[in-house]
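Undergrad: Top to bottom, those sequences are chains A and B.
Note that numbering that gives the first Met the number 0 has the first sequence beginning at 0, numbered continuously upward.
Note that numbering that gives the first Met the number 0 has the second sequence beginning at 0, numbered continuously upward.
The set of hints was computed from the structure by calculation and includes no laboratory data.
Please read all numbers here as calculations on a predicted model, not as lab measurements.
Some hints here could point you the wrong way.
Stated by the list, open to error - As a list, the in silico DSS-like pairs of lysine-lysine whose alpha-carbon atoms are at most 27 Å apart:
| id | chain 1 | residue 1 | chain 2 | residue 2 |
| --- | --- | --- | --- | --- |
| 1 | A | K166 | B | K90 |
| 2 | A | K166 | B | K93 |
| 3 | A | K166 | B | K92 |
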Amino acid sequence: MTIDLILFLILSLVAIAAALGMISSRNAVYSALFLVLNFVTVAVFYLMLGAPFIAMSQITVYAGAIMVLFLFVIMLLGAENIASVNALPWQRPLAITLAVILIVESTYLVFVRSASSAIITAPEAALNDMESLQNMALALFEKFLLPFEVTSVLLLVAMVGAIVIAKQEKAGQK
Amino acid sequence: MIPVDYYIILSAVLFTIGALGVLIRRNPLIIFMSIELMLNAGNLAFVAFGRSYEIAGGEPFYTGQIFVFFVIAVAAAEVAVGLALIVEIFKTKKNINIDEMNSLKG
Chain A
0 MTIDLILFLI LSLVAIAAAL GMISSRNAVY SALFLVLNFV TVAVFYLMLG APFIAMSQIT
60 VYAGAIMVLF LFVIMLLGAE NIASVNALPW QRPLAITLAV ILIVESTYLV FVRSASSAII
120 TAPEAALNDM ESLQNMALAL FEKFLLPFEV TSVLLLVAMV GAIVIAKQEK AGQK
Chain B
0 MIPVDYYIIL SAVLFTIGAL GVLIRRNPLI IFMSIELMLN AGNLAFVAFG RSYEIAGGEP
60 FYTGQIFVFF VIAVAAAEVA VGLALIVEIF KTKKNINIDE MNSLKG
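Bound-form chain A, shown alone (with noise of 0.2 Å):
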């Protein structure tokens, strides 16, 4: 048992902990703060990989920028409480029953069909320099440069889109 092993486990409790208060809580904004700690805990996890700069990234994109847009609109639409009118009374156990498989089945796969069992260590020192970062730069703006411009496109319709979509009305009233 070394340390981050413990490590490991003590924050994947808290990472399983907060997901499932994340679909649990009746409270649509408690939601959103158990959904943000299960993304602090995922970027604790990218630093023990050796990721630190997606670490930063997963906290200043998913943490803080969409988790605050998410936020702000439960409290612009009110939506904390959906009173749920239970349409299909069979549906909760059926969901849970077929979760119950999908886990069932993809642990079986893990333990059957992991030939190669790696061991991950602690990132060395070097994988949190500068020089680290450099590398991964280059590699996004040589060998990924066209999906990068891709994914710049995708943000521009996204941002196009999301206008529209929310412009249509007034226009419609004219």
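Position chain B against the provided structure of chain A, taking the given hints into account.
TA: This is chain B only, laid out in the frame that chain A set:
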């Protein structure tokens, strides 16, 4: 000293919780959050596999991490459009219960 399997199993558990949230919740905002949770689970598996490849002696191309970078960008775009749609549906129907969104016509 953590086997890579542990990360993959954690990722599978988080993905399953996200899928369960999509199936049992009626609030579209929480369904969106569950989708974000599933994307995160996938990202965790990407980074864990990339790291294990690096440890196994492969050249670090940072491919797993760069894929995660793209997934984060796609998630941001998806959230912007999805939340705009939810706000627009709320403006026309005054209600965002997912059970009542069974018609495309306003």
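Undergrad: If a hint holds in the structure, say so; if it doesn't, say that too.
TA: Structure-based check of all given hints:
1. Pair hint A:K166 plus B:K90 holds up; C-alpha atoms about 12 Å apart against a cutoff of 27 Å.
2. Taking the CA atoms of A:K166 and B:K93, the gap is about 17 Å. The hint holds against a cut of 27 Å.
3. Restraint check for A:K166 and B:K92: the C-alpha separation of about 16 Å stays at or below 27 Å, so the hint holds.
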